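J.: Sequence:
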Amino acid sequence: CNLQTQTLIFSFHRLPRFRFSTGNLKSYSPVLRLYLMGTERKRKVSLFDVVDDSAVKKLNGGLNGGNSMTASINKYNGKPYSQRFYDILEKRKTLPVWHQKEEFLQALKSNQTLILVGETGSGKTTQIPQFVLDAVEVETADKRRKYMIGCTQPRRVAAMSVSRRVAEEMDVVIGEEVGYSIRFEDCTSARTVLKYLTDGMLLREAMADPLLERYKVIILDEAHERTLATDVLFGLLKEVLKNRPDLKLVVMSATLEAEKFQGYFFGAPLMKVPGRLHPVEIFYTQDPERDYLEAAIRTVVQIHTCEPPGDILVFLTGEEEIEDACRKITKEIGNMGDQVGPVKAVPLYSTLPPAMQQKIFEPAPPPVVEGGPPGRKIVVSTNIAETSLTIDGIVYVIDPGFAKQKVYNPRVRVESLLVSPISKASAHQRSGRAGRTQPGKCFRLYTEKSFHNDLQPQTYPEILRSNLANTVLTLKKLGIDDLVHFDFMDPPAPETLMRALEVLNYLGALDDDGNMTRLGEIMSEFPLDPQMGKMLVVSPEFNCSNEILSISAMLSVSQYSLMKQMVSSRLYASADLQWASAVITNFFSSTQLLCPA
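UniProt numbering applies: residue 1 is where the sequence shown begins, and numbers increase by one.
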């Protein structure tokens, strides 16, 4: 048998190296097909060249106890595909975006820039990067490294959770072929070909690699959120595309001003993907609510006691508010006894540890007694759950109509987080969360008149209401000196730019001519605000490096998370907790006045 195998392999090597089409390959045996595709390096191999219906059926039969053929090989890690891969593949084929795969790939092949609008639940965030990876050649000329497909997300939690899901769909290990990169954490390797990262991290990569030469395709997801880093990337990538004809850009969003984006990106074609939405019934209040937090908690209790089974998603503005609501909901429903089912209140916000964030995907609790009222999961979240994350099982959405937004006053140089009304686009996204798996209901805690008359059509871009000192320092590091003529989609006010230049000059990051100093170059390397960067750089001169590092670390995390760490580590006795809380609160207040974010 060994002699026959060696003879067969020797015969394979004597074959001429022809270019085989997909149809020709399917006419050969599975072993010969694998060999031919392994030797044809120049040809882009598709998964469907080695997986046909009969092979899948035989594999499934073998895994279920029958005699199976050799499993198909994963081209990314060289291992056989698992049964889990095929189970997920069947679910992927039901997503709306799957049915437009060929249309998307053809549009990407014909254009350098493509704008894709995919409604909630279309599958664009997980599937489009995989479509691109299957169609694009990632091997480089020197074979020592591979090109990457980069997909940006506006939030860290989205980059982490989506990358894990995609790694599972591709049947690879997270951190190897598929990885993510966020501030203070890089989960990638030399084998990574698909990377999810925050828009801020891609901006920082551009500092070291201005042409982003490691990337073959860049996908800007959730572009409608118009974060500060995303808006800067818009202008930066327009310049990169001119110098790199081989680079392609895909701008994706759940909802955006399509004509505006098309005009900005050289008249790029627009592709629309429908969502997979069930009908959502929307309810408004008769009168404005005086306290939206209490109204939201009251609505949760009413839904749990009166409505059919289904999980609840509540939108609130910040972590302290969210944690408070979770405690009150658990307490109020717990006081109702066995007449209602149990609940699991799960918080969700950006500074929550990753392990805690994964709890939103856990199932609802079972009934307390067999045959009793069913349990219900209640997710209390910031606007991170609008588009960045999809939570299956949500049937009811409670929308108070508010979110926290940064607002910067350049005249007094103070940046504040204010609770502000959301836009109509955000309200539409929130209601869409209720119709993922079945018909749902959305309870808007404001009047219908307020929705039509008071809410803006789109969210105000962050670049028009933020402190631009860090942005200006980043642009200077990228070699962009003419800030006035930089191609912003929505140019910020000249006064805001001037104030940013004044602050950087005062800190010594820029000289009087507006050129970056050596100190400024060092400050730009820190993923911190310029004030804190300056503190860290000069702290050795005053022999206080350890203290400044501690202060900077405390300012880089949330106040609430810091308090929870103190409680869990039992550094303080219960009698001292109130004193410690007051000290930390005063510390944050004073330092944020000195070093505004």
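Worth flagging that the hints you see were computed from the coordinates, not collected in a lab. Here the structure is a predicted model, which is why all the values come from computation and not from measurement. In this text, a Cβ means the ideal position worked out from N, Cα and C, and glycines have one as well. Accuracy of the hints is not assured; some may be wrong.
Claimed, not checked - Below 25 Å or equal to it, Euclidean Cα-Cα: the simulated PhoX-like pairs (lysine-lysine) are: (1) K260 <-> K146; (2) K93 <-> K242; (3) K91 <-> K424; (4) K101 <-> K146; (5) K441 <-> K406; (6) K272 <-> K109.
What the hints assert, rightly or not - Restraint ranges, calculated between C-beta atoms of paired labels, are given here: (7) P439 <-> A355: 45 to 53 Å; (8) G479 <-> E362: 52 to 60 Å; (9) C544 <-> N505: 20 to 28 Å; (10) K238 <-> D511: 22 to 30 Å; (11) N77 <-> P494: 46 to 54 Å; (12) R411 <-> R244: 39 to 47 Å; (13) K109 <-> R290: 51 to 59 Å; (14) R411 <-> G263: 17 to 25 Å.
J.: Taking the hints in turn, state whether each one holds.
T.: Each hint, compared with the structure:
no. : hint                      : in the structure
1   : K260 <-> K146             : 34 Å, violated
2   : K93 <-> K242              : 36 Å, violated
3   : K91 <-> K424              : 32 Å, violated
4   : K101 <-> K146             : 24 Å, holds
5   : K441 <-> K406             : 30 Å, violated
6   : K272 <-> K109             : 17 Å, holds
7   : P439 <-> A355: 45 to 53 Å : 33 Å, violated
8   : G479 <-> E362: 52 to 60 Å : 47 Å, violated
9   : C544 <-> N505: 20 to 28 Å : 25 Å, holds
10  : K238 <-> D511: 22 to 30 Å : 29 Å, holds
11  : N77 <-> P494: 46 to 54 Å  : 52 Å, holds
12  : R411 <-> R244: 39 to 47 Å : 41 Å, holds
13  : K109 <-> R290: 51 to 59 Å : 56 Å, holds
14  : R411 <-> G263: 17 to 25 Å : 33 Å, violated
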